[in-house]
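Enquirer: All chains should be modelled from the sequences, with the hints used to inform the complete structure.
Residue numbers (this note's numbering), protein chains in the order written: chain A, 1 to 304; chain B, 1 to 444.
Hints should not be assumed to be uniformly reliable.
As the list claims (entries may be wrong) - Computed list of lysine-lysine pairs in DSS-like fashion (alpha-carbon distance at most 27 Å, straight line):
| # | chain 1 | residue 1 | chain 2 | residue 2 |
| --- | --- | --- | --- | --- |
| 1 | B | K19 | B | K247 |
| 2 | A | K138 | A | K93 |
| 3 | B | K19 | A | K90 |
| 4 | B | K9 | A | K131 |
In short, the hints are calculated from the structure, not lab data.
Here's the letter readout for the chains.
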Amino acid sequence: MEDTKPTLVLDHVSKSFGDFTAVNDLSLQVRAGRVFGLIGPNGAGKTTTIRMIVNITRPDSGRVELFGQTMSTAMQDRIGYLPEERGLYKRMKIGEQLRFFAELKGLRGADAEQRIDAWLRKLDLFNWKEKRTKELSKGMQQKVQFITAVIHDPDLVILDEPFSGLDPVNVELMRDTILEQKAAGKTIILSTHQMEIAEKLCDDVCMINRSHKVLDGKLREIRRSFSRNAVALQFQGDDGLLNDPALVANIRQHGDDTEVLLVPGASPQELLRRLVEANLVITKFELVEPSLHDIFIEKVREVA
Amino acid sequence: MRKFIAVVKREYVQRVRSKFFVVATVLGPLLMAGFTVVPALMLGIKSGGPTRLAVVDQTGKMYERVAKELTSGKKTADDDEDQPPDQPPVGSNNPKERVEQSGKLFRANYLVEQVPLQGRAIEDIRKDLETRIQNRELDGYVVLPPNLLKEGQAEFRARNAADLFTNNYVAGAISSAVRGQRLAERKIDENFVEAASQRVQLKTTGAGGTESKGAAGFYLVFGVGFLIYMTVLLYGQFVLGAVIEEKETRIAEILFSSIRSFPLMMGKLVGVSLVALTQLGIWAMAFLIFSAWAAGGSSIRLPHIPPVMFVYFIVFFLMGFFIYATVYAVVGSMVTTTQEGGQLALPVVLMLVAGLYLSFNIIRSPNSSLAFWASMFPFFAPITMLVRIVTETPPLWQILLSLGIGFATIVGLVWLASRIYRVGMLMYGKKATIPEVWLWVRQS
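Expert: Right, here's the structure in full:
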């Protein structure tokens, strides 16, 4: 799985608009059958990167290679794209709308019709097929938009903020659908601000900040490398022993948790032993791996 | 190609099915009929019964004739210059004639009385009549001075001096009466004079004996010019709307990730144009059926025009329509709202009007170099080339060249529009300035 040929390769890609450099010398590889997270703060260059991948704009320099070939118009049909700026024709019926987008992706006739019905059923929208866009709730429109991205069964699906505006039930539905796509061997690029979701879904992550790549790799490895020797605690009793500077570097209250950052080289085991010796009632003792959220913030601050 | 057709289909089906289209298609002809018929009817409504006029005849011999002319309702001032009977009706485009035509509707409605002089001073009589006008017993009075026949001047006092119909009518009646009297005094037969002043009818044929396509074709050229103008004004807005639609709904990004911008723009243009042609077609059918019905089953007198002319008319109409429609597409690609677009497109549409004016010159010298260049310039060609074809058909290569230039212009403009559209769209900007647009065109 890990050694499969990359679906997508960006090779030293740059793009500027006038004086503004949106993407600077970006290289990355997206492997087939994996969920690839493209994260970064607003204005980092994510959307421009995606637009170059789907051939809306061309890079000033560098190369975008898809399925081993240089990107071209002909290959657009193998990509499904859910842009961040959502848009559907307000007055068109959902069914017609999907048929139009399917035709734009090269599908037609009975085949298109069949897929549309299948997807509408799957996402609980079948009863809305003859309704117009403006009659739908925002979440429903979002799901319709998602269908336009996958209706032609593309090998690469690019989803820009697919969860925004969805209620928890639909977030779950969307998540399952994305995982199904992955299981079917599709490659998925996910761009989002919602780190908790990215954390649960992504296999690989690439983080961009200020038009540069700042982080790239397998999510598991990234998290391990950011491990900071921290422990989340819940206990009752005197916390005086946490003030030992030989062991503890920093303490932070995190909801009910007390997050204890140990000095480099100190063993969490030693902390646990002392807590037990002090006769405290321990209800939680957990080694903390930094969340993607923390890594994100740390990285953004680092540059700023 | 299949994607292009998908775009055309969507633009066409969505618009033709809209309520607006159905309503406009049905109401259009009604409105047009309304605009021509209703004003005439309204002008024709004369409130308050017949117009009461008093005549003060100081000549002592003119009352009979004037009263007869006034009540017979035969003449207006300009009727002396009778038109030849065959002239095609152009009346409705000429405001003056329209007023007269409407005036004819109620011209017989005059009550005339003679004011006896009985040796009274004219001032007393005037005072009397003024009082009666104020008391609304009279609408006006005419004074025929003693030297009317010599000097040809009379006076008309009316409560409503702005009433053009009555003014015109009274003037005509008096002129006619005076002429009759003058002739009679010289013992000349009036009927003979009338017969003698019949206008000569000029039958024009082109040099070499071929019958001129002349007047009828000429009117058709202006018809086509006007048709292009109306169609462009009407449907240019639709093109504008179609191009802007995705900007307002933010769909462009999906479109661009699926189809190149040129076929997209072309598809929109063709789709909307087909809508326009559908509507025009329906209206033309309705018009033909209506006129056939109005003609009461008798065959309609179509202007005699060789069929090849009709082909030219249709071809140049289509070219004109598409050229100006693409202008709207270019404009639409630069702006974010239809209102802005309408303002921006106006100067270009004025070029169409300029073409109409140029054609007056070209009619007189259809082979001048001005005529040649005007008929090659794509924004004028739809009208100017037609004028040349009708007046003195230019060599075929010129016609084809003109069409070729027009076609290239359309493609070029669509290309330009698609470029601006693509880049401008993704910038999500406000309205673009011209230098920005240049940058975009080079950039994308």
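Enquirer: So which of those numbered hints doesn't the model satisfy?
Expert: none
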